[in-house]
Amino acid sequence: MGKIGLIARREFNERVRKKSFIITTILMPLFFVGIMVLMVWIMTRQSDTVREIAVVDRSGMIAPRLTNEGTIKYLPSDRSFEELRDEGTSDGLFGILVIGENIMDDPRVQLYTYESSTVTIEESITSQIRKIVEDEKLKTYNIDNLDQILRDVDTPISIQTKEITSSGETRDSSSVLSMAAAYIFGILIYMFVFMYGNMVMQGVIEEKSNKVLEVMVSSVRPFQLMMGKIIGIATVAITQLLIWVVFIALVGGAAINYFAGDAIDAAAAMNMAEGGMPVNVDPDAIDQAALLSRLTDMRYLLTMTLSFIVYFIGGYLLYAAMFAAVGSAVDNEKDTQNLQLPITIPLILAFIVMISAMQDPHSQMAVWFSMIPFTSPIIMMARIPYGVPSWEIALSIGLLYATFIGMVWLAGKVYRVGIFMYGKKPTFAELFKWIRYKY
Amino acid sequence: MDDILRVENVTKRFADHTALDNVSLAIPRRSVYGLLGPNGAGKSTLIRIINRITAPDSGKVYLNGREIAPEDVYKIGYLPEERGLYKQMKVGEQAIYFAQLKGLSRREATDRLRTWFKRFGIEYWWDKKVSELSKGMAQKVQFIVTVLHEPELLIFDEPFSGFDPINANLLKDEILRLRDQGATVIFSTHNMASVEEICDHITLINQSRNILTGPLEQIREQHGTNIFEVTFRGDRERLKQALGERYAVLESHEPEEEALSPNKIKITPREDGNVRDLVSLINDNVEIRSFARIIPSMNDIFIKAVAGQL
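Sequence order for the protein chains is D and V. One gets the numbering used here by counting positions in the first sequence from 1 and adding 573 to each. One gets the numbering used here by counting positions in the second sequence from 1 and adding 92 to each.
Keep in mind the hints are simulated off the structure, nothing from the lab. Where hints are given, some of them may not hold.
Unchecked claim - Only part of the chain D face toward chain V is listed, based on derived beta-carbon distances under 8 Å: (1) LYS576; (2) LEU579; (3) VAL785; (4) VAL788; (5) VAL793.
Said to hold, decoys possible - So the derived label-pair ranges between C-beta atoms look like this: (6) ASN156(V) <-> ASP904(D): 15 to 23 Å; (7) ALA967(D) <-> THR202(V): 44 to 52 Å; (8) TRP218(V) <-> ALA827(D): 17 to 25 Å; (9) LYS592(D) <-> SER226(V): 19 to 27 Å; (10) LYS221(V) <-> MET938(D): 49 to 57 Å; (11) LYS227(V) <-> LYS592(D): 21 to 29 Å; (12) ASN391(V) <-> LEU914(D): 49 to 57 Å; (13) ASP904(D) <-> PRO257(V): 48 to 56 Å; (14) LEU914(D) <-> ASP108(V): 23 to 31 Å; (15) ASP108(V) <-> GLN775(D): 24 to 32 Å; (16) LEU914(D) <-> GLU159(V): 41 to 49 Å; (17) SER226(V) <-> ALA967(D): 52 to 60 Å; (18) ASP904(D) <-> SER226(V): 21 to 29 Å.
As the list claims (entries may be wrong) - SDA-like mimics (lysine to any residue), calculated; alpha carbons at most 25 Å apart, straight line: (19) LYS591(D) <-> ALA161(V); (20) LYS591(D) <-> ASN101(V); (21) LYS576(D) <-> THR103(V); (22) LYS221(V) <-> ASN586(D); (23) LYS221(V) <-> VAL589(D); (24) LYS986(D) <-> ALA107(V); (25) LYS1006(D) <-> THR103(V).
Being a predicted model, the structure only gives us computed values, none of them experimental. Cβ coordinates follow ideal geometry from the N, Cα and C atoms, glycine included.
Could you build all of it, start to finish, from the sequences and the hints given here?
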């Protein structure tokens, strides 16, 4: 086994046996599930404070027909606006809605509130009144069986999106799923690059302050040391990822089976019946089915997993080399903050661009940033769920790995000098000088 | 005696200072070679150049007559002054790891380590973590790691620091035993007492230059003072009188010392005299119990050399 292999194996063995590794490996998925549950809870949670709105209806047509929506309660009032206003908030009112006498011809209403109003409330009011006015106007045409017709006309639409692949086949696509996948994969890459890159840096600092490097460099070249460490930690990362993938597949599979058995059947039916939408299925179930059929589409999953691994490794290697160079230059972790800036800025920038790339994955900005190697792992992972031409992926991967090789070469030069520099806090100018040192 | 290592006109400059200025030295095979010098003199830089950790700006290093090459690291064992082991790793495993990096197979490393651990009586450390060992204990482990691959050239940087006298002795014996088995030892230190005990040759580096080099005994002879110390039985005053004009008696600055050892006297000739005459002169007057020329300690030579008084 080569020396890089020996070093990598030691890194792997030492780290995998650590308690902290075992603990994070177990806790991280739980943590993730917790975060997701929390997010879903926050998004679906309705505010529990009841908002009472007094309705002063001079037309007399609207107030009786307003229905309470969620926590918004409409209280028809026969008192005047002035009376209500003078009473102030003593009734615990959220606000007063004033509807003019002539609402049919002059469709304007006023909402007076004691605290700032919200979009939800305003939408509730306008949509309800609009519906009522519409219905009233229709009635003036004296159509027979109008109520029956109106009930009939009211149709909730469910949309099923299909994507046409380059080979002309169609397959189910789900923009909700794409978005979620973009978000999750983007964040995962961001987190992992940071986490494992930092691990490399701490490892280098530890070896330097322990003086282990002094012992090692007499038998190993600094470059081998650096590469061994980077590769060793990469194997730790991949091991951890695989454990998580297996864990998520098992737990997720079980959960889907348990909670969404019906939807799975629908999904299976959809996968079978080419293009046709199965009848007799509740539209909600079809939505879920579209999502699930995507989730259970092996080719899709495989593409995602493969590109995740390729981009994670590329991004990790690129950043780990930089982290190693920074680690070699300092004596302790406190001194790393300044030097870490050029590492963290592109990462954070990538994270910001990712948010916009998720909304418009084929915008010029998204495309460019998915080519630049320092941001491409995160941005491209956020774009891939929406479908990206293969040549773009190939180019971006090529650039990423080429830059990695260049970066390792540079980092190796800094590392070689840095590991013997003690006692002073180096600046960037010095790091660049080290690159040009002849050894 | 041939030279295992030759350093020729090595110069190494750093941004703001010169660490080595045209330093040359030759290290005889199977010797214990002391590399002396005050802190910051350039010893560590020289050792790093020999180890190929850094390259000199100019000058060459030859091992066994050939310019030193990357694969020569296997022929060198280096114990740096700053001891470093992974604190969380178990002793045995760690020693095997370092041995493997030096090119030993896992099995061979294990066999040799068991032998060494037995010799040092530390078998029970095998499964301990380094963080559980004391500094001296960790240094023993490090020493074993350094010599395990049986290199022909060993470089020890301050090997005795942190050792108690018993373990320092054990280490000294091991160093001499390794030399007797054919290894050459370069030994960098400021501990002059240990230099006198084990070094055959020395080089003294000061302010980036080689200022004194040669076999230890020869150097001490060269810098020998012309002072003789005599212990005797007989009349001190009579002896003093007999020495007369030709010899000066060095009176001790501390009277108590004279009182404590009235039968000891230090003599130096006022002009070049031969030692035989002096001995017979003393012998005529008192009974000689010992007669010795005072050879300066390495410590004295070191301090004088560094102060530029040689």
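Against the structure, the hints:
no., hint, in the structure
1, LYS576, "holds (6 Å)"
2, LEU579, "holds (5 Å)"
3, VAL785, "holds (4 Å)"
4, VAL788, "holds (5 Å)"
5, VAL793, "holds (6 Å)"
6, ASN156(V) <-> ASP904(D): 15 to 23 Å, "violated (38 Å)"
7, ALA967(D) <-> THR202(V): 44 to 52 Å, "holds (48 Å)"
8, TRP218(V) <-> ALA827(D): 17 to 25 Å, "violated (45 Å)"
9, LYS592(D) <-> SER226(V): 19 to 27 Å, "holds (25 Å)"
10, LYS221(V) <-> MET938(D): 49 to 57 Å, "holds (52 Å)"
11, LYS227(V) <-> LYS592(D): 21 to 29 Å, "holds (26 Å)"
12, ASN391(V) <-> LEU914(D): 49 to 57 Å, "holds (51 Å)"
13, ASP904(D) <-> PRO257(V): 48 to 56 Å, "violated (33 Å)"
14, LEU914(D) <-> ASP108(V): 23 to 31 Å, "holds (27 Å)"
15, ASP108(V) <-> GLN775(D): 24 to 32 Å, "holds (30 Å)"
16, LEU914(D) <-> GLU159(V): 41 to 49 Å, "holds (43 Å)"
17, SER226(V) <-> ALA967(D): 52 to 60 Å, "holds (58 Å)"
18, ASP904(D) <-> SER226(V): 21 to 29 Å, "holds (24 Å)"
19, LYS591(D) <-> ALA161(V), "violated (38 Å)"
20, LYS591(D) <-> ASN101(V), "violated (49 Å)"
21, LYS576(D) <-> THR103(V), "violated (31 Å)"
22, LYS221(V) <-> ASN586(D), "holds (15 Å)"
23, LYS221(V) <-> VAL589(D), "holds (17 Å)"
24, LYS986(D) <-> ALA107(V), "holds (17 Å)"
25, LYS1006(D) <-> THR103(V), "holds (21 Å)"
Violation of the numbered hints given earlier is confined to hints 6, 8, 13, 19, 20, 21; the remaining hints are satisfied by the structure.
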